[in-house]
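2 protein chains.
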Amino acid sequence: MSFNLATILREPRRAHPDKPLCHLGELTFSYAQVDEISGRVAAALLGSGLRRGDKVAVQLPNVPQFLFTYFAILKAGLVMVPLNPLLRAGEIAYHLADSETRVLVTFELFADEAVRGAAGVEGVRTYVVNLPGSDRRPDGTRSYDELYAAQDTGEIAPTEADDTAVLLYTSGTTGRPKGAELTHFNLYMNCTVGGELFGFRDDDIGLAVLPLFHVFGLSSVLNVAVRYGGTIVLVPRFEVEPVVAAIERHRCTIFSGVPTMYFALVQADLTGRDLGSLRVGVSGGAAIPGEVIRAFEEKVPGVVILEGYGLSETASTTTFNISAEQRKVLSVGKPIWGVQTRVVDEADRPLPAGPDQVGEIVVRGHNVMKGYYRNPEATAEALRGGWFHTGDLGYADDDGYLFIVDRKKDMIIRGGFNVYPREVEEVLYAHPAVVEAAVIGRPDAKLGEEVVAVLSLTPDAQVTGEELVAWCRERLAAYKYPRQVRVVAELPKGPTGKLLKRELKKELG
Amino acid sequence: MSFNLATILREPRRAHPDKPLCHLGELTFSYAQVDEISGRVAAALLGSGLRRGDKVAVQLPNVPQFLFTYFAILKAGLVMVPLNPLLRAGEIAYHLADSETRVLVTFELFADEAVRGAAGVEGVRTYVVNLPGSDRRPDGTRSYDELYAAQDTGEIAPTEADDTAVLLYTSGTTGRPKGAELTHFNLYMNCTVGGELFGFRDDDIGLAVLPLFHVFGLSSVLNVAVRYGGTIVLVPRFEVEPVVAAIERHRCTIFSGVPTMYFALVQADLTGRDLGSLRVGVSGGAAIPGEVIRAFEEKVPGVVILEGYGLSETASTTTFNISAEQRKVLSVGKPIWGVQTRVVDEADRPLPAGPDQVGEIVVRGHNVMKGYYRNPEATAEALRGGWFHTGDLGYADDDGYLFIVDRKKDMIIRGGFNVYPREVEEVLYAHPAVVEAAVIGRPDAKLGEEVVAVLSLTPDAQVTGEELVAWCRERLAAYKYPRQVRVVAELPKGPTGKLLKRELKKELG
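From first to last, the protein sequence lines stand for chains A and B. For the first sequence, my numbering begins at 1 and goes up steadily by one. For the second sequence, my numbering begins at 1 and goes up steadily by one.
Treat the hints as calculated values from the structure; they're not laboratory data. It is possible that some hints are incorrect.
Note that the list lumps identical chains together, so a pair holds whenever it fits in one copy or between two copies.
30 angstroms max Cα-Cα, derived DSSO-like pairs, lysine-lysine [what the hints assert, rightly or not]:
| hint | residue 1 | residue 2 |
| --- | --- | --- |
| 1 | LYS19 | LYS334 |
| 2 | LYS299 | LYS506 |
| 3 | LYS19 | LYS328 |
| 4 | LYS370 | LYS506 |
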C-alpha cells in the first residue's frame, strides 16, 4: 500500500542505532541521531503548514544538514528539489518558480545570492544553515536551527512507491532546465541494486566528496551507504589533501568520483600516504581514460576502479562494470538488474551490436523517472515509445557492453559539472553585440574540458573578449561561463543552417 | 517509469538461460524455455483482444502451465486471478463475475465444474490444460495448446510499480471473498526481501508442494526461487511418499510447508530415506507447535525450521524468524525489512509489549495490498488509519517478537473470558497420543461458548477422553481447558492443509 524511501534510514537505525552514519571533520552523527533530528525537522516543516507533495529546495554542500533535511522531506511526504550552490540569482528564481517550491534551505556562504533569487518568487520561505559559531544571515530569512525545535513523532508518511520523492533539475538534451521526477521506488531500487554492484556491506565506509545535490552523489553515495547500513565521510569540496586525509583518518573503503578526481589523485604526490583501506573506486559522470584507471590502480594497490553510466533521469546508475574480472575498460558496462538499454537509429529502430553501429542510447526499467515536472511535451518526447532517450550516442558490443561515443551530443563536462552550451549561448545571444554564438568544450588536461565561446559580432561592435566573458560571469554559475572567447567572421553551418559544432571542435582540438 | 514483476524471470534468464527453472516428474523446463513459452502465451492473450489490466483467472494445480500462464499475464500487463481448484460452480461464478475476468485457464480434472461456473458469467473464454496424452475438454472450451501458437515478441509491458499484478481472493475476516489487489511492487519486494530471510541462493532447489494459487506458494516458493535464479520441483499435491521421493531425487534444499505437512513427515517412517540435502524448512499458514519443530529437526539433521507469518493482503511474508540462533519457538518472528507491525486495542490504540497485552495485529509497509477490488468500503475498513488490520490476535515481547494468539474470529469467549484455541491446542499436541488437534467453541446457553477439542490420535492410542481433559486441566487455567473431547479419524483440511475449523463448528453448532 505504501512505501517511503526513508525506510532505508529507519531499518539500519533499528538494527544498530549507535553506529556512525556520517562524519564531517570532528563531527559524527549516528543512525539514531540522524533519524531523530530528521524527525524533528520533518515535524517542523509539517508544522509550518507544508502539505504532502509540497516542494522544499535544498541548496547545501555536503554537510550533515543535507542529510537531516533530505530525510525530513521524505518522512514528511514532501519533495526535495536539490539545487547547485553555485547557481546565480536568476537561475535560482527560475528553479524555485518552475518547481513551485515553498521552502528554500540554503547555506550561509551563498545565502545572499539565494535570497536575491528567492525574492523574485512569491511565497518562498528561506532557512539558512550557518557555519559553526556564526549567525549571520540576510534579512527576511530564518535560522535553520528553528527547524530543530519540533518534537520527533517517529512518523513516516505513507507515500506510494510511485510518488515523487526528488525533483532533480537537469537540462536534458535541450532547452531550459527541467525537473526530472524521481519516485520513492526509482531511488529505492537504484541504491538497492546499485549497492549490490560493488558489494556494499555494513562495514563499508564511503567517501562522500561528490556533491549530494547531484544524482550520482545522492543515489550512489548517500543512499547506497544508508541502505546497506554503512558510514559516509562528508567532504564539502574536492581537493587532494583533505580527501586523502579523510580516507586515511576514517579508513574509507569506497571512493566515488568523476574522472577528473581520479586524475588529480594520480597526479598528486602520495608518498608516505596510506590509501590501503580503499577497495573500490566507483567512476561515473564522464568516460574515464584507461590510462587513468591503470595509473590509479598502480598507485593504490588493492583498489579496483569500476565505471558506470547514468543520468539524472535514470535515478543514477544505468549500466555498470561489476568487477575487475568482468569489466571492459572504455566501456560503461552492462545494464544493471531490471534495466534494459538499446541503441537506436533516428527513427527509434534498434541497431545491431558493433562499433560501427552508433546510435542514441535509450533506457527502460525501474530507474527511469516518472517524467519532467509540469512538462508533458518534453516528457512525451523523452519517453517516446516507452523508452527514455538519453541523447547520448554509443554502441553495444557482442557481449552487451555499452560504449559511449559522445556525451549528450554537445554537452561539456567541466571538472565533473555538466555545462549545457545552449544555456551559455542564450546568455551570449542576450548581449547586443552578439550575432551568432556557439559554446563548445576544448580539451583540458586538468578539467577534462574548458568552456569556449565562438562568436560572430555586429559590424560596429566595440566589445572586447574580456567584456563578453565578464557578461557571462555575472549571469552564470562559476563553472559555466566561458573562459575564452573567439571572434570569427562567420560560424560554420550545415545545409539546414544548423551550426556545425563538430567543425569548431576540430579546430580547437 | 515502469516496473514489471516479470523482470524476476527475465534477469536470471539472461544470466543462465539453460538452467532448470522447474521440474515436474520427468519434465524439466529451463529459464529460457519458460521465458519463451510465456512470451508466446502473452502474445496469444494480447492477440485475442485482451487489453492492459484485463483479468485472467488461473485455476491450475502445480504444473508448468501455471508458470507459463502467470508470467504470460505479467508480461502482457494483464492481472492474474488465481482460483482454488476445489471451488464449486457457484463459487467460481462469483469469483469470475466479481473480478470481471475475461479469460479462464483451467485443468482437465476440474474443467466440468469450472465450465458450469463460467456459464453463469458473460464473456468468459475458457482454456483447458489437458493431462498428458488427453484432449478431453467440455464443449465450448478451447485447448490451452492454442496459446502456444503465437510468436514470442520478447516484450514485457511497461506497467507501473503500483499497478495491480495479482488479484487474490480471500475471505479476510468477514463476508464474501474479496479480491486483494497485489501490485508488481508488493510482490517484487516480498520475494526479494523474503528470499534474503533464509538466504536463498541460485544453487538452491525448492520443493513446491504448497499450492501456487495461494500467496504462500506464489510469493515465498515460486517468486523467491525465480527472483534468485534457483530451481523448483513441482509436486501437485501433498502426500508423504511423492514428497520424500522428490526431495531425494532432486536434492531439494528448501522445503516450504504448513504445519500439517511437517507433522505428516514427522509421523512417517523415513527409515533409509535421505533428506540430507534439506537445509531450511519454511513454515507458515498456521502456528507450528514447538513439539513438531523439535521432532522434525531431530528426524532430519541439518535442517532448521523457520516460521513466518503473512496473509493474502500482505503479499505473503510479514514477520519471520530469520535463523536458528535468532528464532523464538512459538513466535512468528519479527517484521521483515520495510514492514512495521503493531498490536492495537479495539480503538486502534497501540498496546505495550507483554503477553498480557493481546490485541489485533496491524501492518504497514511495502507488502500491504493496494485494496480490495471494487470494494472501497471494505478497503477503507481494513486499511483504516493507514494500517492493514489482520484480524489476528497477538502480542509482542520486549525484543519485538510477535506471538499470534489466535484468529480474531476463532477466539472463544467462555463466560466472559477470552480463550485462545491455539494455547489449548499446544497443550494437546504435547500429549504423546495426539496427532491433530482443533479447539473450538460450542454454543452454550449459560456460558455463551464452551471449549471443545476435536482430536485425531495415533493408531495404537489407549487414552480416554477423560484422561485428555485431565491432561489439559493440569496445565491450563480453569476457564480454558476443554470440557469435552471428541476423537475423529481425520480432521477436515483445506487445500493448503490448513485445518477447517469452520467445518467442525458447523457440526457442533
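Results of checking the hints against the structure:
Proximity of LYS19 to LYS334 under the C-alpha cut-off of 30 angstroms is restricted to the inter-copy arrangement: shortest distance 21 angstroms between copies versus 34 angstroms within a copy. With identical chains, the CA atoms of LYS299 and LYS506 are never at most 30 angstroms apart, being 34 angstroms at best within one copy and 77 angstroms at best between copies. Taking the shortest Cα distances, LYS19 and LYS328 sit within 30 angstroms of each other only across copies (26 angstroms), while inside one copy they are farther apart (37 angstroms). In this assembly of identical chains, the alpha carbons of LYS370 and LYS506 never lie at most 30 angstroms apart, being 34 angstroms within a copy and 53 angstroms across copies at closest.
When the structure is compared with the earlier hints, violations turn up for hints 2, 4 and for no others.
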